[in-house]
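There are 2 protein chains.
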Amino acid sequence: MSHIPAVEIITIGDELLYGQVIDTNSAWMGQELGKIGLRIRQISSVSDKAEEIVRALDEARQRAQVVLMTGGLGPTKDDLTKHVLARYFGSELELYEPSLRDVEAIFARFNRPMLEVNRQQAYLPKACTPLRNTVGTAPGMWFDDGGVVFVSMPGVPFEMKHLMTTHVLPKLQEYFRVPPIEHAVLQTIGQGESFLAEQIADWEAQLPANMKLAYLPYLGGVRLRLTATDDGQPNLRERLEAQLPPLRALIGPYLFAEGEVPLEAALGAMLKERGLTMGTAESCTGGAIAHKLTGVAGSSAYFLGSIVAYANDVKVKQLGVQPTTLETHGAVSEETVRQMAEGARRHLGVDVAVATSGIAGPGGGSEEKPVGTFWLAYADAHQTVARKITFNRGRQLNIEFITTAALNLVRQHLPTVS
Amino acid sequence: MSHIPAVEIITIGDELLYGQVIDTNSAWMGQELGKIGLRIRQISSVSDKAEEIVRALDEARQRAQVVLMTGGLGPTKDDLTKHVLARYFGSELELYEPSLRDVEAIFARFNRPMLEVNRQQAYLPKACTPLRNTVGTAPGMWFDDGGVVFVSMPGVPFEMKHLMTTHVLPKLQEYFRVPPIEHAVLQTIGQGESFLAEQIADWEAQLPANMKLAYLPYLGGVRLRLTATDDGQPNLRERLEAQLPPLRALIGPYLFAEGEVPLEAALGAMLKERGLTMGTAESCTGGAIAHKLTGVAGSSAYFLGSIVAYANDVKVKQLGVQPTTLETHGAVSEETVRQMAEGARRHLGVDVAVATSGIAGPGGGSEEKPVGTFWLAYADAHQTVARKITFNRGRQLNIEFITTAALNLVRQHLPTVS
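If you read the sequences in order, they're chains G and S.
Note that the UniProt record's numbering has the first sequence beginning at 1, numbered continuously upward.
Note that the UniProt record's numbering has the second sequence beginning at 1, numbered continuously upward.
Misleading hints may appear alongside valid ones.
Identical chains blur together in the list; that is why a pair holds if it fits in one copy or across any two.
[Claimed, not checked] Calculated cross-link-like contacts (lysine to aspartate or glutamate; reagent style DMTMM-like; alpha-carbon spacing at most 20 Å):
| no. | residue 1 | residue 2 |
| --- | --- | --- |
| 1 | K212 | D78 |
| 2 | K35 | D14 |
| 3 | K49 | D230 |
| 4 | K77 | E193 |
| 5 | K35 | E15 |
| 6 | K126 | E174 |
| 7 | K126 | D144 |
| 8 | K388 | E342 |
| 9 | K49 | E59 |
| 10 | K272 | D313 |
| 11 | K171 | D144 |
Just so you know, these hints were derived from the structure itself, not from any lab.
So that you can see chain G by itself, here it is in the shape it has in the complex (with noise of 0.2 Å):
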């Protein structure tokens, strides 16, 4: 049998329906079930409660050939999905002893005493094929029902995300023999998704039919993600990898990564390849670059630190913004950000700086200097730039919008060498 399942995805838990917690879990595996090839027809949130389940399940199977749950199987009497399993499918409990071994070992590690309830986690329903979770309690169940596959995983992301990862995804392609399917992501910065297909019309147009690109847009750029689906012919990944030199050259001053790299992991990586050190001089994005940059691991290697200046005053004294500068021109001009950017290299010793300074909003706005007026600086041994932005679309993503802009701004003028 070789055929492409539809998917369903039913998210157990009163807690999602209250709004307590947002899923996330299902974009997730939306995104994963696509690389492999899999679309899901529907998602469905329900309660724990055991008519609420068998419903759902009742209604996807009529729908999907997999049926993926996540959520109802910790130790606490909420917790209803192993049971309702078991009933469903006819299927008496039975302790399966490697996840037993499991459960032991997480608590060994974790050095605290094992509960009755949490030796319960291990017993699970005759019909099922365990799921070992070596990361947490509660096992997974993959079940098939005349040709339905039915899997229940935690609902713990992390959790979810291992069980994914080391058996179901695998699991799968293998039994209904998913044909082959190659991706390649291509992370864009600057420009918007129209202006890109522009660029790029006559490159996509040339494309052989089974390759097709994807636009997928967020705050500041686009990724780009080219994907090859089976065509009967060998070597797709090859031939996937043949598509991007011309890809390449066309989006080459917005593309600045491959594959699932954020700009700052990105950024980060040039500067401590190049042996470079960065710090930021910011007023109104008030850390925001600082706290992007450190989110990586191992940025300390390059990042030494920041100067937030969101008063005038310490825009003086911190940075050396000279006062007659900030009498003559305000906070918000190319004359302050310049020197900013200029000070933080001083003041923090390093080769690079960024500077910020703008009307984030919603107050402090004026007719000359309107919310959504940004200046930003970079300044590095050779030279200093300084660039206006006009963005305005309340106060978060306006400085979510400046911090990514500040980090491209670095990005495009980072010497080659220090």
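Given chain G, put chain S in place with the hints provided.
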């Protein structure tokens, strides 16, 4: 008719199934519906194909008396919802003048030319009660089909929220004569759910039958929500409020705000009220505390700046930490964070400062100071207070937890006058 209808949510759009967008709308709707005493029975995400939408509507009306839809109302060919609903309710589209004027006003505000496709957005099925949207181009639609209410709203979160708040929630309360319900939210920080539950067990036990307390934990604290449902007696709000003074007394040290106020905003209000200015000196948090504080509109009134001292050199030069302290005790030590906090006060010219230094991981740990070791210090004109925290749930959560702990440390020690 006065009863509590079951609600279903249907979110429409391939981008949800492919995992390109995380569905945050449903959680928000679940929370808001909960506040007026309505419960969601199921949430379903389906493709923007006509047959999938119709199937979802047919299924939902079997289970619920209210079906809330989001998505598929944009101006492009992909956006089918309105046409599907017109056919589903056997109703033709006609121009709804007030919505046309709303659309025109939106384009006038952004100074952009209005296209024919946008004009088309003001055509609505005759069978619906239009719900005017003054913040976007897609009006909402309310259908009453034999006692089942169907509502269609745009998927853009702020447009959906606008329609829910302005039209849908009040109309549902009126239509179903939903019994009155009252809530009070008390925000606590610094103690877990089980500790709080023990502290307030006696108070909770004496609550009248129509009042219930919910524990809503988040990273670092717990939101307590007291809900009073209708018992046929008058003055429900007053009786709810009357329960609060003893609760406030029991959780006093952990209570930082009432209502939906985040910690950084609560701290900001305290600083403003007391006429105090604040700054931060951040090593392991890398600017995250400053970023949180400056996310609050108007924070420039009390937040002056930060020194993010990731490198030891920056700790010495910008904060005045003694090199001998760093040599003797290391960067992650009580001595260092005390000097960082005191240095931040001097160098930034602020009344109060908070400092952090620790090992966020995954690398950088040692036997003596493993990943998850953090030191925090608070300083004002009268005292410096240091605190050690051990917490390790991965780099991102570690940074988030320590950021919250640092804000709380300031809240706990802030002097009542400057």
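Quiz item: At most 20 Å between C-alpha atoms: does K212 with D78 qualify within a copy, between copies, both, or neither?
Solution: Between copies only: 18 Å across chains, 45 Å inside a chain, cut-off 20 Å.
Quiz item: At most 20 Å between C-alpha atoms: does K77 with E193 qualify within a copy, between copies, both, or neither?
Solution: between (49 Å within a copy, 18 Å between copies)
Quiz prompt | Homomeric proximity label, K126 with E174: Cα distance no greater than 20 Å | solution = Classified as neither: same-chain Cα gap 22 Å, cross-chain 51 Å, threshold 20 Å.
Quiz item: For K388 vs E342, is the C-alpha pair at or below 20 Å within one copy, between two copies, both, or neither?
Solution: The answer is within: 17 Å in one copy meets 20 Å, while 36 Å across copies does not.
Quiz prompt | 20 Å Cα threshold - placement of E15 relative to K35 | solution = between (29 Å within a copy, 14 Å between copies)
Exercise. Check K126 against D144 for me: Cα-Cα at most 20 Å, and say if that holds within a copy, between copies, both or neither.
Key: within (12 Å within a copy, 48 Å between copies)
Practice problem: Indicate which option fits the pair K49, E59 if close means a Cα-Cα distance not exceeding 20 Å: within, between, both or neither. | Solution: both (16 Å within a copy, 19 Å between copies)
Practice problem: Tell me, please, which holds for K171 and D144 at an alpha-carbon limit of 20 Å: within, between, both or neither? | Solution: Close inside one copy (12 Å), not across copies (46 Å); limit 20 Å.
Quiz item: Is the C-alpha distance from K49 to D230 at most 20 Å within one copy, between copies, in both cases, or in neither?
Solution: neither (42 Å within a copy, 25 Å between copies)
Quiz prompt | Alpha-carbon proximity between K35 and D14, which holds within one copy, between copies, both or neither at 20 Å | solution = between (30 Å within a copy, 15 Å between copies)
Quiz item: Checking K272 and D313: alpha-carbon separation at most 20 Å within a copy, between copies, both or neither?
Solution: For K272 and D313, the Cα distance is within 20 Å only across copies (19 Å; inside one copy 33 Å).
When each numbered hint is compared with the structure, violations occur for hints 3 and 6.
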